[in-house]
Amino acid sequence: MPLYRDEAIVLRTHKLGEADRIITMLTRTRGRVRAVAKGVRRTKSRFGSRLEPGMVIDVQCYEGRNLDTVTQVETLAPYGDAIARDYAAYTCATSMLETALQLTEEHEPQTQQYLLLAGALRSLAEHSHDPGLVLDAYLLRSLAVAGWAPSFVDCARCGATGPHRAFNVQAGGAVCSICRPPGSSAPAPETFALLASLLAGDWEVADASDDRFRRQGNGLVSAFLQWHIERGLRSLRLVERA
Amino acid sequence: MYEGAVQDLIDELGRLPGVGPKSAQRIAFHLLQQDSEDVNRLVTALTEVKAKVRFCEVCGNVAQAERCRICADPRRDQTSICVVEEPKDVVAIERTREFRGTYHVLGGAISPIDGIGPDDLRVRELMPRLASGEVQEVIIATDPNLEGEATATYLSRLLRDVGVTVTRLASGLPVGGDLEYADEVTLGRAFEGRRQVNA
Chain A
29 MPLYRDEAIV LRTHKLGEAD RIITMLTRTR GRVRAVAKGV RRTKSRFGSR
79 LEPGMVIDVQ CYEGRNLDTV TQVETLAPYG DAIARDYAAY TCATSMLETA
129 LQLTEEHEPQ TQQYLLLAGA LRSLAEHSHD PGLVLDAYLL RSLAVAGWAP
179 SFVDCARCGA TGPHRAFNVQ AGGAVCSICR PPGSSAPAPE TFALLASLLA
229 GDWEVADASD DRFRRQGNGL VSAFLQWHIE RGLRSLRLVE RA
Chain B
3 MYEGAVQDLI DELGRLPGVG PKSAQRIAFH LLQQDSEDVN RLVTALTEVK
53 AKVRFCEVCG NVAQAERCRI CADPRRDQTS ICVVEEPKDV VAIERTREFR
103 GTYHVLGGAI SPIDGIGPDD LRVRELMPRL ASGEVQEVII ATDPNLEGEA
153 TATYLSRLLR DVGVTVTRLA SGLPVGGDLE YADEVTLGRA FEGRRQVNA
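Chains as they are written, first to last, in the working numbering: chain A, 29 to 270; chain B, 3 to 201.
Quick caveat, the hints were computed from the structure, so don't treat them as lab data. There could be a bad hint or two in this list.
[Claimed, not checked] Listed next, the in silico PhoX-like pairs over lysine-lysine satisfying Cα-Cα at most 25 Å (straight line):
1) A:43 <-> A:66
2) B:54 <-> B:90
3) B:90 <-> A:43
4) B:52 <-> B:90
5) B:90 <-> A:66
6) A:43 <-> A:72
7) A:72 <-> B:90
8) B:24 <-> A:66
9) B:24 <-> A:43
[To be verified] Sample of chain B residues lacking proximity to chain A, with all beta carbon distances greater than 12 Å (derived):
10) 16
11) 30
12) 35
13) 40
14) 45
15) 71
16) 74
17) 124
18) 129
19) 134
20) 167
21) 197
22) 198
These numbers were taken from a predicted model, which means no experiment stands behind them. Glycine is no exception: its CB is placed at the ideal position from the N, C-alpha and C atoms.
Go ahead and model the full structure; you've got the sequences and the hints to work with.
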């Protein structure tokens with residue numbers, strides 16, 4: 029049977045039978061892959077801890093008809109272990125992993141999504157920024173990579189130069205006074221600035237932002253994400269924010 | 003496809019965890035070949051487990067009365083509580099004969115990706131047990147995986163100001179294993195939890 033080797037991030041695991049697990053992972057070059065890891069729930073498993081969600085691994089599998097089978101694993105970055113020691117980071121990380129599950133397809137290479145997720149998990153594990161901000165930045169950028177980049181300055185409908193006062197999820201972000209559909213919200217200018225900085229990766233602005241604007245921005249990001257992926261994220265309601 | 007009752011039995015057995023269609027078929031034909039007396043014993047066991055078994059009102063373990071046999075035993079040490087995920091973890095710890103305290107069964111671990119948060123577990127029921135002041139130590143024995151570690155982190159933070167000692171089961175090398183085969187995370191934890199050897 030054909031063997032392959034790739035870098036991967038473990039997204040999710042499911043118990044299988046007595047001591048096995050089905051591992052869903054986002055690989056660097058093969059997109060999302062599901063593989064059986066045999067005996068990993070036993071305490072003597074050689075690579076059980078390497079196949080926990082949030083771990084970045086170098087994995088070797090052989091292809092099967094429905095599911096592949098994991099034969100070897102090496103740890104590249106044990107982010108999951110560090111993240112589990114910080115509850116807020118853990119809840120944010122699970123939301124990222126669930127989003128990656130929704131935004132990627134099996135066996136369709138999505139290297140940008142892989143790199144984005146690896147970077148976000150590293151940031152959570154190293155406590156570089158507030159976990160809530162890292163989550164929002166990841167959600168905005170992963171949506172942008174998937175083709176749903178929001179606009180926080182210019183009008184998302186007509187392209188009129190901003191800044192604008194209204195935000196509409198369905199329209200794709202900030203909207204000018206002419207394009208503004210009924211039911212649009214009117215976030216604070218500081219919230220727009222925060223969201224734009226998260227999308228652009230301007231952490232100096234994001235880290236200096238006020239809690240009030242972070243809360244408002246997080247509500248808009250959640251609504252924007254769930255509108256575009258057309259379903260609710262189960263983990264999002266359990267995210268713990270400072 | 004088999005006829006009527008045989009197919010119904012295969013379908014029902016196939017709904018059990020870890021039992022696929024082939025296994026279900028094998029179990030169904032095994033039961034068909036058994037004496038009526040053996041099959042009736044199985045039927046009685048299944049009926050009774052549903053009718054008689056409930057969850058202990060104190061710890062959440064499986065019980066046949068309001069309290070499980072551990073909570074009802076006055077010889078158990080009431081100053082320490084071991085927090086576990088499932089009733090089967092209680093059995094695993096009891097097998098060690100090392101722990102003489104009581105238990106608290108959470109009913110799972112915090113797993114946001116499955117929609118399970120602290121409010122979906124028996125976390126709230128733990129707090130009144132600590133209010134009397136008798137309990138001095140809470141031992142967190144959740145699984146050493148991502149969900150179990152995060153649940154332990156949540157509980158230790160919750161219990162920080164309660165005034166009890168919170169401990170976590172040690173992680174490390176399995177007895178009888180070779181060091182060279184240990185993965186980085188397990189070996190790292192073993193180093194983290196190393197202890198002085200008193201010769």
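Of the hints given before, which are not true for this structure?
-> none
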